[in-house]
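Protein sequences, first through last, are from chains A and B. Position one of the first sequence corresponds to residue 207 (our numbering), numbered consecutively onward. Position one of the second sequence corresponds to residue 207 (our numbering), numbered consecutively onward.
No lab work stands behind these hints, which were simulated from the structure alone. Keep in mind that the hints are not guaranteed to be accurate.
If chains are identical, the list can't say which one is meant, so a pair holds when it fits in one copy or spans any two.
[Stated by the list, open to error] Computed cross-link-like contacts, DSSO-like style, restricted to lysine-lysine with a CA-CA straight-line distance of at most 27 Å: (1) K263 / K560; (2) K371 / K560; (3) K560 / K603; (4) K560 / K313; (5) K603 / K421; (6) K421 / K217; (7) K263 / K446; (8) K444 / K313.
There are 2 protein chains.
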Amino acid sequence: MELETLCSAAKAAKYEVAAIDTDKKNAALIRIADLLVAESESIIIANARDIAAATTKGMSIPLIDRLRLSEDRIKAMSEGLKQVAELPDPLQDVLEEWERPNGLRLKKVRVPLGVIGIIYESRPNVTADAFALTFKSGNAVILKGGSDAIYSNTAITSVIKKGLKEEGITEDAISLIDSTDRETTVRFMQMRDYVDVLIPRGSAGLIRSVVENSKIPVIETGAGNCHIYIDASADLSKAKSIAINAKTQRLGVCNAAESLLIHESIAGTIFPEIARALHDKSVELRGDETALASSEFVVPASEEDYGKEYLDLLMSVKTVKSVDEAIAHINKYSTHHSEAIITEDKESAEKFLKGVDSACVYVNASTRFTDGFEFGFGAEIGISTQMLHARGPMGLKELTSYKYQIYGNGQVRG
Amino acid sequence: MELETLCSAAKAAKYEVAAIDTDKKNAALIRIADLLVAESESIIIANARDIAAATTKGMSIPLIDRLRLSEDRIKAMSEGLKQVAELPDPLQDVLEEWERPNGLRLKKVRVPLGVIGIIYESRPNVTADAFALTFKSGNAVILKGGSDAIYSNTAITSVIKKGLKEEGITEDAISLIDSTDRETTVRFMQMRDYVDVLIPRGSAGLIRSVVENSKIPVIETGAGNCHIYIDASADLSKAKSIAINAKTQRLGVCNAAESLLIHESIAGTIFPEIARALHDKSVELRGDETALASSEFVVPASEEDYGKEYLDLLMSVKTVKSVDEAIAHINKYSTHHSEAIITEDKESAEKFLKGVDSACVYVNASTRFTDGFEFGFGAEIGISTQMLHARGPMGLKELTSYKYQIYGNGQVRG
Chain A
207 MELETLCSAA KAAKYEVAAI DTDKKNAALI RIADLLVAES ESIIIANARD IAAATTKGMS
267 IPLIDRLRLS EDRIKAMSEG LKQVAELPDP LQDVLEEWER PNGLRLKKVR VPLGVIGIIY
327 ESRPNVTADA FALTFKSGNA VILKGGSDAI YSNTAITSVI KKGLKEEGIT EDAISLIDST
387 DRETTVRFMQ MRDYVDVLIP RGSAGLIRSV VENSKIPVIE TGAGNCHIYI DASADLSKAK
447 SIAINAKTQR LGVCNAAESL LIHESIAGTI FPEIARALHD KSVELRGDET ALASSEFVVP
507 ASEEDYGKEY LDLLMSVKTV KSVDEAIAHI NKYSTHHSEA IITEDKESAE KFLKGVDSAC
567 VYVNASTRFT DGFEFGFGAE IGISTQMLHA RGPMGLKELT SYKYQIYGNG QVRG
Chain B
207 MELETLCSAA KAAKYEVAAI DTDKKNAALI RIADLLVAES ESIIIANARD IAAATTKGMS
267 IPLIDRLRLS EDRIKAMSEG LKQVAELPDP LQDVLEEWER PNGLRLKKVR VPLGVIGIIY
327 ESRPNVTADA FALTFKSGNA VILKGGSDAI YSNTAITSVI KKGLKEEGIT EDAISLIDST
387 DRETTVRFMQ MRDYVDVLIP RGSAGLIRSV VENSKIPVIE TGAGNCHIYI DASADLSKAK
447 SIAINAKTQR LGVCNAAESL LIHESIAGTI FPEIARALHD KSVELRGDET ALASSEFVVP
507 ASEEDYGKEY LDLLMSVKTV KSVDEAIAHI NKYSTHHSEA IITEDKESAE KFLKGVDSAC
567 VYVNASTRFT DGFEFGFGAE IGISTQMLHA RGPMGLKELT SYKYQIYGNG QVRG
């Protein structure tokens, strides 16, 4: 479909989607969940075309694996939709309510954002996932997936549209842009008249390109150069297990730690043990002079290392003289995603929590907890690293805006 | 000062500004308020240079009047600062607090946005006003005023900096861009590495240009094509006084009404009286055929009239068959700012409140109430017409973001 026609149809559908009641939305999510499993064969056949094209193109094995859909993965997608059906509808909330001296009664109520555009890369499960969250929060969604997954995404979208139709809901609640060329993507980012918000999901390069080119308001997600700061009073066993967990539990995710800060007073005490433990997990440590002098498992760092999101078995190490220096270093190099202090000192903890300018700041816990499910939101569309609108994990509430409903009895302004 | 140096200094100051306690912020606001009055002579001399340049340029009398500063206007600016000092500090609020089954304790707390850029036009009082609100909410501000007011803005900024210095606060809490050429403005809008949010204040043209050119996240403010819908069951006296107030109480403001919708059943009953009353206030009504046939005071409207923000003694009139048609018309033509229904029918009222997609939706009250002071926020930096972050009048709270502070005792992710 022509891009502008598609965007215009989504805009035309948004008020209809906004008005669907909770039960009907949940029924549709459950029906679509069942349809995905029932029609998994057609999805897997479509996916095979993507896999074949990717193989011909010489795509790497891990990327092909991310692209692949199996019965189990489709079942997981289906389960995800059912979980979203069980979450409370964010549109039911009255956020505030008050009366003015002139008798006007004001009600601040949640409303959907409208049309949400999502630009993402190769994982086709995002298609179902993003639909479920935007739909439950009353939005119409326009998806622009990667060219690698175009057949899979088309098959999944067509199952979703079928489910919507069966429930008597407009199929324009979901649209998939089927051109995969770059020019279409750039044109999509100019569709400010139709699309209310754009959320990019994927690599740092994708996100940068959206931020650079979009005329639509963007929620920036993703990049995480996360820090673990081990304070003078840190408990060795907490420091060791948190550093290992944050760095190695899953390498390629935005809430994994990339940099270790150590207070100078622990350089010769507990740091060598932590360095050995990380080395035993195959992590290469790149550190400053003090770190180098304190452990045989440290190689020299360059200035650039401190700004890097490795997403790999690599970690930078920087020695600081105080919690203040740790905070200043983090605020300079981090992507404002997630950082942790390991300390037994309450004052240091509070200083760190207050001073570090990141979405999620931890005391004695792994940065890996920055996640909508771990926070108890029951869902996650992404993790915002910007200041506007939403910060940190974004669940259903973060996919909404609000409006004021004002009750008068003839008031005019004097 | 070179633009990048100035932006970088503001960024370097932002954490210092964020950490200033409430009492110190209030003391600085009061000191600056007093200094503005004490140094009003130097401000008025600077303002005279702007007035002289504007006169030479042939600026219109009303615009010159907006530019002019008098002892009284400076006193009003000073009072404005003192009022902001009296408002509660939005950074004191803990927004939410909860515990997860794994023992993690999460606290969602307000934080400043960081560095706020404000691009505005000729009224120099915005300089003091914008400083007060951004400073009280813990932000550093970079101001880019219009070239017409450059001497006035420079004088006001220098008094503010003097006051900050006397209170031992970094002068970089406020910066004024002193180049007034367009190229600097465009370069300023690219300073994403330094500026967290950009708020344009001024004409529709200014706002459009910022939205088009900015790489920094923008809060779009301002344009208001506001509607008054007179329902079948409307009370004549409410309808008449609200229509007159919303249209004529102040013409050049964004919350003034620009379009009148009438239910067809009142075309021949109460509409003629309302049309006459508006005509008596010198309002030219441009209507559709039914409106034309119902009142001698209506001239024909063109399609474009329905999309216009006149800011003048003009109003479009459109006849509709139902509240649903009124809602659809509004959602098509409005700028999503403020709209009102005049009705004695509860069902129509609720339908309208729910269906109209605008920041502020009224029942039986004038759209002129869309204002931070009228809402009880005690202040206003502008009225947002976008969905992201904030919608409607923006006070101190709307100039903040949040972060999560998470307390653990060694938790790692499994």
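For this session: Tell me, please, which holds for K421 and K217 at an alpha-carbon limit of 27 Å: within, between, both or neither?
Result: both (17 Å within a copy, 25 Å between copies)
Problem set entry | Intra/inter-copy verdict for K560 and K313 if alpha-carbon distance must be at most 27 Å | Only across copies: K560 and K313 sit 12 Å apart there, 33 Å inside one copy, limit 27 Å.
Exercise. Between the shortest in-copy and the shortest cross-copy C-alpha distance, which are at most 27 Å for K603 and K421: within, between, both, or neither?
Worked result: Answer is both; intra-copy 24 Å and inter-copy 26 Å each pass.
Problem set entry | Identical-chain pair category, K263 with K446, by Cα at 27 Å | For K263 and K446, neither the intra-copy (42 Å) nor the inter-copy (70 Å) Cα distance is at most 27 Å.
Problem set entry | Same-copy or cross-copy closeness of K263 to K560 [CA-CA at most 27 Å] | neither (49 Å within a copy, 51 Å between copies)
Problem set entry | K371 and K560: within-copy, between-copy, both or neither at 27 Å Cα | Classified as between: cross-chain Cα gap 25 Å, same-chain 50 Å, threshold 27 Å.
For this session: Up to 27 Å between alpha-carbons, please classify K560 paired with K603: within, between, both or neither.
Result: both (25 Å within a copy, 18 Å between copies)
For this session: Evaluate K444 and K313 at a C-alpha cut-off of 27 Å and name the case that applies: within, between, both or neither.
Result: between (47 Å within a copy, 21 Å between copies)
Checked against the numbered hints given earlier, the structure breaks hints 1 and 7 and satisfies all the rest.
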